[in-house]
Amino acid sequence: MTEDADQLTDIEQDALAEIANMGVSRAAHSLRQMVGEEVVLSVPAVKIVTRQAASKLVERNNAKKLVAVQQSFEGPFAGRALLIFPEAQSLELVRAIVGDEHSLEDVIDLEQEALAETGNIILNGCLATIANVLHRTMRMSLPSIVRGDGARLFEVNETSSGGQFVLFLYIDFNIKKRNVHGFIALLMDLPSIAALKDIVNDFVSGIEKQPSGHAG
Amino acid sequence: MLDNASDLVVGPVFDTVDIGLVVLDSHCCIVGWNEWIARVSRRKARDVLGKTLLEVFPEVQHTRLTEVIDDSFRAGSSSILTHTLNELLPLQGESGEPLLHNIVVRPVSTVHASYCLLQITDVTVAVTRERVLRERQNARYHAIVDSAPDAIVTIDDNRNIQWVNGAVDDVLGYSHAELLGQQIDILLEPGSPLLQALAQTSVDSKAENAISVVGRHKHGKSGYFDVSLGHWRADQRNFVTTIWRDVTERMEADAALRDARDALQKSNEELESRVDERTREREIALQQLHESQKMESIGQLTGGVAHDFNNLLAVILGSLSLLKKAVPDNPRVSRLLDRAILGAERGATLTTRLLAFARRQELKVEFVALQKLIPEMLDFLRHSVGPNVVIHIEILPEVCAVEVDANQLELALINLAVNARDAMPQGGTLTIACHNENHGTRVGLPRDPFVCITVTDTGEGMSAATLARAQEPFFTTKGVGKGTGLGLSMVQGFTAQSGGAMRIGSEPGKGTKVTLWLPRAKESSAAAREETQPIQPAEARSLRVLLVDDDILVSMGAADMLLDLGHSVTEAQSGSYALKVLESDGPFDVVVTDYAMPGMNGFELAQRIKAGHPRLPIVLATGYAELPADRSIEFGHLSKPYTSKDLAAALEKALVARRP
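Same order as they appear, the protein sequences are chains A and B. Here this note's numbering is used: the first residue of the first sequence is 1, the next is one more, and so on. Here this note's numbering is used: the first residue of the second sequence is 1001, the next is one more, and so on.
You may find that some hints are simply not true.
[Stated by the list, open to error] Capping the alpha-carbon separation at 20 Å, the derived lysine to aspartate or glutamate pairs in DMTMM-like fashion look like this:
(1) B:Lys1372 <-> B:Asp1405
(2) B:Lys1645 <-> B:Glu1345
(3) A:Lys64 <-> B:Asp1204
(4) A:Lys65 <-> B:Asp1204
(5) A:Lys47 <-> A:Glu87
(6) B:Lys1218 <-> B:Asp1150
Worth flagging that the hints you see were computed from the coordinates, not collected in a lab.
Take the sequences, apply the hints, and build the full model.
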């Protein structure tokens, strides 16, 4: 494990994707409970990028108006977690969750609260799962809503900000036949990334030992 | 443990805050319950402490609350549960109304233990305020949109109508419910420009001007609309709000205005074309007027010249005839005199023709049967046209008689025949045909009925220019010395004076057709003519004659003739003088007076004389037809120029007429 701290090996990548998928599945379960219908969440890809790169990645299709649910976390690794959508998609997501019977006006009224709670569920799902899987305890803040373009969300122009790197996860929602694409970003500084990678590697080696031991 | 918990929950602040606070230990038992939550849940702290949350609120098991509390302990996560997405606790306000609330769940750790803090926030006021605000805003919005006179229709990507305002009923005849969910196409004609515009524009395209479309009302009626489009986007979907302004009235007013303008222009054009037409007609009429004025002037001039010339010829002829009597035995002188008389007589013939053209000749109107007159002329006509020309005569038995001067008619026909001959130097056919014409008014004649005589040749014809001048006197196409140019003029004058007309039709190479319309004789006049009696010659006796003529030369000639006839003559140079002579120097046996005299004319004089001396015979000597036809019968009549023989006959006739 002597690779660059800011790069993930294939195994690390697979493991993080696996953990993230476990997290969002938990969130999906919570959402299903709320919505009363099938909710499918999936994380197809994970990578580590710079904040600048992340700010470009989230402006997919040049959609500069973004909305994000943000929670900070601390523990063995610390940073900020963001669930990011294009603004139009966020409304679509809220509409999917609160139901079609609500008028557009209602949805706009509810958007802030509903989005905060939904984001909270998903981010908690991911972070709690990471904590559980890695047998670590973390403290997470309450969610807040941030609006703006990629640069604003990732504070590209603020050098004092702690996190330099972003663990970047694509997330796809499928709720009531609507498809919503978003991103989960975990902003962390290099020590936190290193700590995460260490923990992930411990977890991986733990899993590798189990089947061999089991087989042996 | 409880000591620690007490540290967390004891104190006046815990019970004073205006949110609900509940503290749970790691077994999910309630260790903290503040005043606020006690109030809205109607549960005292002492009743719930030590119990699990599920025991206090059994309904919680169906919510996420237990789960997030678990996460809080296990993973240290903080959660928010909103009233929007969750059914939460059965809390009530002071008056029993359900309390809308959000719950925040946070982990709380001390050195010794972990706790979970539930913060319950009343959002009833905020939600109510939002609702009121929105309703107020909506009311304002609806006030604007629903009071708009234009129909406002919002459609989605699939052109399905999502929303309409109240004006659609008035503007398009549909109710709200009838339109929602329908395609906007039902309001439009197939291929409407609005559908094209919808297909071609999007949120990003610039606002266009209103599109003019034909809109369809509910009941099939159509109207004109200006529709403006506003694209917008919400919830990832594209919408278009269309605003329909009814411009039917304006369009109809425009159309009416356009029609009126067109009609005005059309009538202007018609007016112009009628003005043009009238101008053309007027020009033609003026041309005809000028032509007839020219002919009239020429006629007057010719008539005047001929009249004076006639008087001179009368003197010459009279004098020559007297002279011949005076020298009867000198053959040489006699021959010269005969030649002079012949010349003077030819001069008289010429003046007769001139007078005929001027319509001033003396016409002896009589009953003429064409079936008789024309065949009788045939030999003479054949002689006139020569052997190369074949003459056809076509006269049906039913052709009526005419009332004209027979001699003049013969002369006219001979003139036309000679013209025809000259037009056919290589020979040809001359046709003289007659038929009854009952519809003369159709060809521009003043009255009906007529008899029509056509004289047609197969000659060389005339050009339009020649034809136009053919009736002018002295116009001739014949070589100098060959024709007088008076032929057609004379025929034209004769027909006009007789109350008829003449037309010439000709084209180069196609011959010439001259048509004469002559008045049909009345049946009664035919009978009247039958009884004309031959004049009985009176016994020769010497008469006392009063001769009235303003022209001394003519008067002298006439006096000489009278003297030669054995009468005595008293001359008077004016009517008034004649009346004086009649009173002072009477009685006279007969009065011979010229007609055309300055002051009192011959007719007036004759009437004055008749008034005083009803039995005195009067002879009017006239050079041309100055007398109205009916009056001439009253008195004896003598045509100038006359010979002494003519004079004797006139005197005789006048005496016989007055004979008791």
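Against the structure, the hints come out as follows:
1. B:Lys1372 <-> B:Asp1405: holds (14 Å)
2. B:Lys1645 <-> B:Glu1345: holds (14 Å)
3. A:Lys64 <-> B:Asp1204: At roughly 16 Å apart (the allowed maximum being 20 Å), Asp1204 (chain B) and Lys64 (chain A) satisfy the hint.
4. A:Lys65 <-> B:Asp1204: holds (16 Å)
5. A:Lys47 <-> A:Glu87: It is violated: about 23 Å lies between the C-alpha atoms, which goes past 20 Å.
6. B:Lys1218 <-> B:Asp1150: holds (16 Å)
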